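Undergrad: For reference, the chains in residue letters:
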Amino acid sequence: MSNKSSEPAVVDLLRKLNRNLEVVSKKLDKLIEVERSGTRFSRPSVEVPEGTPLDVTTLLSLPDHLRKSALALSSLGEGTATDLSKETSRVRAVESDYLNQLVSMGLIKKKRKGRDVYFYIE
Amino acid sequence: MAFHSYKGGTGKTSLVVNLGALYAKQGANVCILDYDFRAPSLNVLFKAKPKLWLNDYLDGRCEINDTIVDESTKYDLRGKLWVGFANPSLEALKDVMSKDRRWEVKALSKTLAGKKEIIEEKKVDYVIFDTSPGAQYSSINALAGADLVSLVMKADEFDLEGTKELSKGVYEALGRKSGVVLNKIPLEQIAASGGKEKFGKEIEANVGLPLVGLIPCMCELMAAGGKSIYTLDKPDHAFSRAIGEIADAMKVM
Numbered sequence: 001m002s003n004k005s006s007e008p009a010v011v012d013l014l015r016k017l018n019r020n021l022e023v024v025s026k027k028l029d030k031l032i033e034v035e036r037s038g039t040r041f042s043r044p045s046v047e048v049p050e051g052t053p054l055d056v057t058t059l060l061s062l063p064d065h066l067r068k069s070a071l072a073l074s075s076l077g078e079g080t081a082t083d084l085s086k087e088t089s090r091v092r093a094v095e096s097d098y099l100n101q102l103v104s105m106g107l108i109k110k111k112r113k114g115r116d117v118y119f120y121i122e
Numbered sequence: 001m002a003f004h005s006y007k008g009g010t011g012k013t014s015l016v017v018n019l020g021a022l023y024a025k026q027g028a029n030v031c032i033l034d035y036d037f038r039a040p041s042l043n044v045l046f047k048a049k050p051k052l053w054l055n056d057y058l059d060g061r062c063e064i065n066d067t068i069v070d071e072s073t074k075y076d077l078r079g080k081l082w083v084g085f086a087n088p089s090l091e092a093l094k095d096v097m098s099k100d101r102r103w104e105v106k107a108l109s110k111t112l113a114g115k116k117e118i119i120e121e122k123k124v125d126y127v128i129f130d131t132s133p134g135a136q137y138s139s140i141n142a143l144a145g146a147d148l149v150s151l152v153m154k155a156d157e158f159d160l161e162g163t164k165e166l167s168k169g170v171y172e173a174l175g176r177k178s179g180v181v182l183n184k185i186p187l188e189q190i191a192a193s194g195g196k197e198k199f200g201k202e203i204e205a206n207v208g209l210p211l212v213g214l215i216p217c218m219c220e221l222m223a224a225g226g227k228s229i230y231t232l233d234k235p236d237h238a239f240s241r242a243i244g245e246i247a248d249a250m251k252v253m
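In order, the protein sequences belong to chains A and B. Our numbering numbers the first residue of the first sequence as 1 and each following residue consecutively. Our numbering numbers the first residue of the second sequence as 1 and each following residue consecutively.
These are calculated hints, taken from the structure and not from any lab test. Hints are not guaranteed to be accurate.
[Said to hold, decoys possible] In the EDC-like style, the derived pairs of lysine to aspartate or glutamate whose C-alpha atoms are separated by at most 20 Å in a straight line are:
| id | chain 1 | residue 1 | chain 2 | residue 2 |
| --- | --- | --- | --- | --- |
| 1 | B | Lys-177 | A | Asp-64 |
| 2 | B | Lys-201 | B | Asp-156 |
| 3 | A | Lys-86 | B | Glu-120 |
| 4 | B | Lys-177 | A | Glu-87 |
| 5 | A | Lys-86 | B | Asp-147 |
| 6 | B | Lys-168 | B | Asp-147 |
| 7 | B | Lys-106 | A | Glu-50 |
| 8 | B | Lys-116 | A | Glu-78 |
| 9 | B | Lys-106 | A | Glu-122 |
| 10 | B | Lys-168 | A | Asp-64 |
Keep in mind the model is a prediction, meaning the values are calculated, not measured.
Using the sequences plus the hints, can you model the full thing?
TA: Structure (structure tokens):
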């Protein structure tokens, strides 16, 4: 005799497992991207004298990944890491790391507005 | 898109105006911006005396859409042709020369934001920057604001070497899709290389950028001295046909 009454429960459980696996897979993708970028916990790779303005000559001296973030911020004026990640098509965590590198280089600034952190060029 | 060159006198302005006019004639909405703040010339061709200049926008005195002038009514166009002019007065030229790096930071931001505002408010299909030659702040700001860059050159040794440097140091660094337009090329130079195609491939290999178009030297254009928009006034002229080829090539870059 087949246990037909337990089939829907099994299917439901399998669907839940599948959803959880998709979430884990997305998180793994993000971790892999951060790992490949090699900059999650790294210092900025370019030394910039204090007070250097973020004009095009400075932009051209930046490594590609930081230049992309800097140009996107120049275009928006100010924005959160989420706003910038939409411009650069990068994952938010990666974009946040790059923006914080630019802050530590003194090229851009950040401020808190409520719960959000906004990056801007002075 | 932005048109740039290593040296002056390569014919950028003429290319920009004729290309922009052609796109507008074909039905697109176009905005040309004169970003050659050190030697503005679009105001001469269009005989314009705008109330506000692009200089005013970059100095924060107005919005960018306050500076652009609708030139469409002067011509028989299916689309719109807007133009933003740079101030040619001596006072403005001296002011441009005095700008510091802090101002240039804001100018870059305003260039990037201004392009977006023009596209959104005026429903423009193409924004075309005409730039100063060489490594000027305003030119590189325009290149940073463009999706496509066309480098205009005359294929002499001075141009070739300088263009290679620009290609490596600026265009590649900015990550913009770039191509070369060879302009004012003597017919003898083309013939000596074995024809247009071979000549074009030689330059491509030398500069490391794909060829977008090749325009032979045409004395009657130089004699006309920027008084006429050939793609509107003389659509069957060889120059207009060459511009047509460049227009098609840039649509698929």
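Undergrad: Now look at each hint and say whether the structure bears it out.
TA: Results for each hint:
no. : hint                    : verdict
1   : B:Lys-177 <-> A:Asp-64  : holds, 15 Å
2   : B:Lys-201 <-> B:Asp-156 : holds, 15 Å
3   : A:Lys-86 <-> B:Glu-120  : holds, 18 Å
4   : B:Lys-177 <-> A:Glu-87  : holds, 18 Å
5   : A:Lys-86 <-> B:Asp-147  : holds, 17 Å
6   : B:Lys-168 <-> B:Asp-147 : holds, 17 Å
7   : B:Lys-106 <-> A:Glu-50  : holds, 19 Å
8   : B:Lys-116 <-> A:Glu-78  : holds, 15 Å
9   : B:Lys-106 <-> A:Glu-122 : holds, 9 Å
10  : B:Lys-168 <-> A:Asp-64  : holds, 13 Å
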